[in-house]
Amino acid sequence: MKKYIVKRLGLALISLLLLSITIFLLMRITGDPAVLLAEPGASAADLDAIRQQFGLDRPLWTQYVSFLTHLLRGDFGQSFYYRTDVFELYLSRLPASLLLASAAMAFSLLVGIPTGIIAAVRVNQWWDSGGKIFALLGLSMPSFWVGLLMILFFSVYLGWLPSSGSGTVFHLVMPAISLGWLFAAVHMRLTRSSMLDVLGSEYVKLARLKGLPEALVISKHAFKNALIPVLTLAGINLVIMVNVAVVVETVFAWPGVGRLLYEGIAFRDFPVVQATVLLGGVMIVVVNLLVDILYAVIDPRIRYEG
Amino acid sequence: MNGSAASSRSASAILTLPRRLAAFRTEGFPLIPIAILMTVMLVALFANVLAPHNPEVGVLGDRFRPPAWQANGTIDHLLGTDHLGRDVLSRLIFGARISVIVGLTVVIVAGFIGTLLGIMSGYLGRWVDQVIMRITDAWLALPGVTFAIFLAAILGPSVSNIIIILAAVYWTRYARVVRAEVLSVRERDFVRLAVVAGCSKGTIMRRHILPNVVNSAIVLATLQLGQAIIAEATLSFLGVGVPPPMPAWGLMLADGKKGMMAGYWWLTVLPGSCIMLMVLSANLLGDWLRVKFDPQLRQL
Chain A
1 MKKYIVKRLG LALISLLLLS ITIFLLMRIT GDPAVLLAEP GASAADLDAI
51 RQQFGLDRPL WTQYVSFLTH LLRGDFGQSF YYRTDVFELY LSRLPASLLL
101 ASAAMAFSLL VGIPTGIIAA VRVNQWWDSG GKIFALLGLS MPSFWVGLLM
151 ILFFSVYLGW LPSSGSGTVF HLVMPAISLG WLFAAVHMRL TRSSMLDVLG
201 SEYVKLARLK GLPEALVISK HAFKNALIPV LTLAGINLVI MVNVAVVVET
251 VFAWPGVGRL LYEGIAFRDF PVVQATVLLG GVMIVVVNLL VDILYAVIDP
301 RIRYEG
Chain B
1 MNGSAASSRS ASAILTLPRR LAAFRTEGFP LIPIAILMTV MLVALFANVL
51 APHNPEVGVL GDRFRPPAWQ ANGTIDHLLG TDHLGRDVLS RLIFGARISV
101 IVGLTVVIVA GFIGTLLGIM SGYLGRWVDQ VIMRITDAWL ALPGVTFAIF
151 LAAILGPSVS NIIIILAAVY WTRYARVVRA EVLSVRERDF VRLAVVAGCS
201 KGTIMRRHIL PNVVNSAIVL ATLQLGQAII AEATLSFLGV GVPPPMPAWG
251 LMLADGKKGM MAGYWWLTVL PGSCIMLMVL SANLLGDWLR VKFDPQLRQL
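Line by line, the protein sequences give chains A and B.
Quick note: the first sequence, position 244, residue 244 per the working numbering, numbers continuous.
Quick note: the second sequence, position 185, residue 185 per the working numbering, numbers continuous.
Treat the hints loosely; a few may be bogus.
What the hints assert, rightly or not - Ranges between beta-carbon positions, derived for each pair:
id, chain 1, residue 1, chain 2, residue 2, range
1, A, Phe223, B, Cys199, 47 to 55 angstroms
2, A, Asn124, B, Ile34, 44 to 52 angstroms
3, B, Leu42, A, Val297, 30 to 38 angstroms
Unchecked claim - Simulated crosslink set (EDC-like; lysine to aspartate or glutamate; CA at most 20 angstroms straight-line):
id, chain 1, residue 1, chain 2, residue 2
4, A, Lys3, B, Asp137
5, B, Lys258, B, Asp137
6, A, Lys7, A, Asp292
7, A, Lys7, B, Asp129
Hints were generated in silico from the structure; no laboratory data involved.
Cβ coordinates follow ideal geometry from the N, Cα and C atoms, glycine included.
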């Protein structure tokens, strides 16, 4: 068990190292990093000051070491646009992102799990087909287009919901649905296949042989076990949602981390862009690590396989 | 019921074309998705013949004209015009070209890299396998969309940059899937015989392993085609993809936002519908191929 956790931890560290090296090299190789890190329209003297500050005249590997030590101290630099510490800026935007992701997750589970179960219980009937179409649409429509369509319909034509901003529950409805639909589709498909697996298992057959009513078999015996993989995936997806919300947050002017990334790109505020990508990567690596460890705790087979 | 099915199958040799197509449909053959994909490709190929106007030049006096069937619309601009007076139909037609080129090139390049690494990893084993799989794992852990946006922001907007970026993000799944397949194929008799016969490792990988894993790679490529098209549209929408004034569907949606609050629906509904139709078709085709090549997944 200990060996397994150490190994996973090592792999996670490799991922993080690779992420930091990639971002570091890309910033250095593609053009003059001083130009990227300096404010737009900086003078030649400013550029020289930046080169001095980041030691851009030194060998590449010493530059990387100092880049890494700065990151480890939580020093991601200053935002040109907001004139504040980038890390603090990121943390100040995180709650809004988490709120949106939680709402989208609630939507995706509330829709995905029941439709997935019904689709599994009524295979090849119209419920199943309806669920399939819903999932297929979720996987085939860009989330930002769903958002735009909803704004067009509910804000512009009907005037029911605010088209952008945040503050009330009404502001949350459309961003949550456009972000959550794709995940609802994913959760529905997983619930359905997981449910089909469980329904074919020995203990469900036994429950039926005992003469339990079908509703009880499904709700008490099958449902609970089928839910485990779905909820695990949902945990990972919550973090992924925070990171893929860029485009939805942009459409609805939602003040989260994704919107910060978009602003960073629009204003060429590179310290912000760099920090958002790095911290997003850290979040995903950490969650993957936690899930791996959790699995090993639950299922002994995994930790012996190593 | 059974009898009629059997007799129709025995007579299949003399079936006429429409009846053959009908037979395909009952087996779940994705006729409509394939027709849609073919149409999009033909439109992309003959864009300069089909488009009634120059997609990048508009007449400002004609801006925000609605589609022909609405009041104030003209036959000259069948699907209306955008904020610069450019013809929407022409931009949609030329936009198909960008989606097709980006989508196909991305899945081909990513598929090539991933399949190559997957075969090497699975067949050569040992440290080659370790190195390739560790890199793949680390790469999979990166936040795909965010990372693509970061790359795009650094490299600058251009069609070739998008292809490079998306291929760099998408190769990992091929490597994983292909490696798993190779692990089982390499234990089969014909591979062992090839080793005994003295074939070099390169020959075995090219002549004996590759043909057996190429099906999986094609299924994956079809399923990823839609994702690549959505990713391109997303990057273009955010302003880090296809540079304006090129007519990409994602870029049209970004422009369409300018007229949305005034109710100019065609600028939002039409480009998005094109994306959806194409991605939906690719997904349906991919699902069908997956079931066809891998009967185990048929229940899913």
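Each hint, compared with the structure:
1. Phe223/A <-> Cys199/B: 47 to 55 angstroms: Holds, at about 53 angstroms.
2. Asn124/A <-> Ile34/B: 44 to 52 angstroms: Given range 44 to 52 angstroms: violated, Cβ gap about 23 angstroms.
3. Leu42/B <-> Val297/A: 30 to 38 angstroms: The hinted range 30 to 38 angstroms is violated for Leu42/B and Val297/A, with Cβ atoms some 55 angstroms apart.
4. Lys3/A <-> Asp137/B: holds (19 angstroms)
5. Lys258/B <-> Asp137/B: With Cα atoms ~41 angstroms apart, Lys258/B and Asp137/B exceed 20 angstroms; violated.
6. Lys7/A <-> Asp292/A: Roughly 11 angstroms separates the two Cα atoms, so the pair holds.
7. Lys7/A <-> Asp129/B: Distance of about 17 angstroms is within 20 angstroms: holds.
The structure shown violates the earlier hints numbered 2, 3 and 5.
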